[in-house]
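Undergrad: Each chain, letter by letter, is given below.
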Amino acid sequence: MEILFASAVGILTAAGIYLILRKRTFPVILGLSLLTYGVNLFLFATGRLMVNAPPVLNKYAEVPYTDPLPQALVLTAIVISFGMTAVVVMIALGAYLSAKDDQIDMIENTERAGDDA
Amino acid sequence: MNHLLIAPVVLPAIVAPFTIMVLRHHLSLQRIFSLASTLVLLAITIVLAVQAADGTVQVYELGNWPAPFGIVLVLDRLSALMLLLTSGLALAVVLYAIGSGWDARGHHFHALMQFQLMGILGAFLTGDAFNLFVFFEVLLIASYGLMIHGGGTKRLQAGVQYVVYNLLGSSLFLLALGTIYSVTGTLNMADLAVRVAELSPDDTALLRVGAIMLLLVFAIKAAVLPLHFWLPASYANAPLPVAALFAIMTKVGAYGILRVYTLVFGPDVAATAGLVGDWLLPAAMLTLAVGAIGVLGSREIGRLVAFGAIASMGTLLIAVALFTPQSIAAALYYTVHSTLAAGLLFLVADLVMERRGGAIIAQRPMAQAGLIAALFFAGAIAMAGMPPLSGFVGKLLVMDAARDNDLVWWIWAVILAGSLITIIGLARAGSEIFWKSHDASHIREAEPERPVDDSQPPPEEPAPNAPMLPFIACFGLLAGLVLLTVFAGPMMDYTNATAAQLFDPNLYIDAVLRRAEP
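Top line first, the protein sequences correspond to chains A and D. The numbering of the first sequence is our numbering, which starts it at 1 and goes up by one. The numbering of the second sequence is our numbering, which starts it at 1 and goes up by one.
One or more of the hints may lead you astray.
[As the list claims (entries may be wrong)] Stretches of chain D that chain A covers, calculated by requiring three or more beta carbons in the stretch to come under 8 Å of a beta carbon on chain A: (1) 129-139; (2) 147-159; (3) 166-175.
[Unchecked claim] Quick list of in silico lysine to aspartate or glutamate cross-link-like pairs, EDC-like style, CA-CA up to 16 Å: (4) K154/D to D105/A; (5) K154/D to D101/A; (6) K23/A to D101/A; (7) K23/A to D102/A; (8) K154/D to D102/A.
Derived from the structure by calculation, the hints contain no laboratory data. For each residue, glycine too, the CB sits at the ideal point set by N, CA and C.
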């Protein structure tokens with residue numbers, strides 16, 4: 001299970017970083033999303049991986065439990081990354097509609113705008 | 001518990017939604033509430049600074065949950081100083097934005113401003129690493145809105161870059177926190193300090209990775225080379241009054257480095273000893289060099305000031321990276337100075353931009369050129385570190401603190417050469433913008449309908465409605481710089497005491513974890 005989980009985190013992160021290095025806004029945003037998924041899974045795993053263990057202490061019986069704190073952290077991180085993705089999509093849309101171009105590289109854009117003018 | 005401690009977070013958190021929901025169509029009411037809120041914040045932070053000045057560490061337990069289970073806000077001298085600096089700068093920026101009409105060029109300027117203040121003030125107050133992340137996100141998401149305030153193609157494109165870069169930084173922050181949590185099992189900074197110190201030396205590989213990743217996150221925020229790429233384009237394309245407020249955001253990164261690497265991964269901790277200084281010092285020197293060269297090479301006044309801000313971060317972080325009590329005290333003094341100086345120069349740059357555009361070339365004279373030139377001159381003196389303003393004192397303190405370091409000649413050379421290059425760059429910009437504009441032979445865009453007389457500069461007509469408020473804001477920041485110079489002695493007493501407090505983390509840890517005094 002650890003190997004499966006670790007490779008999932010690794011592949012998500014690698015794919016995310018590859019996409020972030022692209023030149024257009026849309027793949028970059030996709031890459032950011034993949035990266036945040038990878039990060040969320042990683043955060044979840046920092047409380048160690050347990051199967052069939054609730055995140056609550058049971059004071060009447062010796063049953064296994066899992067660390068609840070990373071789950072709370074992951075919830076926070078998911079909410080924040082969701083909101084941030086929405087923000088970046090809106091700003092990128094605004095930039096695309098006003099520049100008629102979704103290159104993320106600004107310098108090239110200004111040169112091209114200069115050529116057009 | 002002293003409930004005043006949470007007021008800097010709660011007050012803007014109430015005013016901002018109120019502004020959006022109730023006052024969205026009433027700009028004048030928004031202005032009144034925003035200004036009132038900022039004034040009250042300033043009063044609160046002054047009270048907090050007075051309370052913290054005697055060296056006690058105050059702790060506010062949210063929901064009355066004791067640390068390390070609940071989130072705590074902690075007020076010590078360092079936090080109090082940063083809070084006061086933030087609210088002072090914010091007051092100047094709000095005044096400027098109201099006076100210049102920037103807040104009317106888009107929606108929700110004042111609400112975003114209050115959210116931004118909430119994030120910054122919270123980040124300075126919190127004693128919990130994950131809570132620090134959350135406040136970072138609050139201040140970032142507000143800054144995304146402020147950054148694209150007013151719209152425009154270039155600003156939106158710069159905004160996309162800024163947001164993407166910071167989202168990457170946030171992901172890295174989470175990775176760092178996850179790594180540290182997996183080793184120590186806590187994220188409360190005081191508790192972290194205890195656990196890290198107890199860790200056996202052969203179990204620290206993961207912890208070192210976490211510590212370095214955390215350093216990278218703060219370095220992104222502080223715009224340390226080679227992670228500074230976001231800053232020039234973002235600050236130069238943001239509304240410049242907003243950029244003036246952003247002058248405190250790079251300091252949030254410096255604050256993070258100071259806090260975490262004195263408290264948690266302190267100089268005495270075997271696991272991470274020497275890790276930070278070794279990396280940070282060369283990076284800070286490079287930052288200073290690149291910032292100074294950027295000042296010299298800028299063709300646009302917004303970028304000029306942005307690179308000046310990078311250079312001052314370089315000086316600041318050199319002092320931080322030395323990690324001696326003396327150098328930290330110097331760094332704190334320089335933090336206050338460089339925030340005020342960068343804020344002042346950004347506001348002056350906006351005054352110039354509004355009247356004649358930002359290009360550093362000679363054009364026909366603008367309204368109130370004399371006053372603006374004087375302000376630019378004062379700001380340039382401060383930023384370059386020339387006497388008589390506080391930049392000189394600050395750089396002197398930093399260089400004096402570097403005296404015992406092995407690399408002292410390198411550090412002195414970089415600081416002095418950087419200052420010289422900055423002076424040249426600022427002098428070139430100032431003479432192009434303010435002096436050559438009065439000399440017809442240099443004007444490249446002379447207007448045909450009004451020939452410019454060589455001997456007599458054309459009468460300067462005041463702008464249609466030149467409001468006084470922007471100048472009041474600028475002179476307020478300038479007065480701050482002058483006060484910082486005049487009262488350099490008392491200020492140094494305070495920063496020395498702050499540095500002493502930072503190098504005695506047991507006080508902080510005892511206060512947060514409610515350990516009995518030994």
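Undergrad: Indicate, hint by hint, whether the structure satisfies it.
TA: The hints, checked one at a time:
{"no.": "1", "hint": "129-139", "in the structure": "holds (count 3)"}
{"no.": "2", "hint": "147-159", "in the structure": "holds (count 9)"}
{"no.": "3", "hint": "166-175", "in the structure": "holds (count 6)"}
{"no.": "4", "hint": "K154/D to D105/A", "in the structure": "holds (11 Å)"}
{"no.": "5", "hint": "K154/D to D101/A", "in the structure": "holds (12 Å)"}
{"no.": "6", "hint": "K23/A to D101/A", "in the structure": "holds (11 Å)"}
{"no.": "7", "hint": "K23/A to D102/A", "in the structure": "holds (9 Å)"}
{"no.": "8", "hint": "K154/D to D102/A", "in the structure": "holds (12 Å)"}
Of the hints listed earlier, there is not a single one the structure fails to meet.
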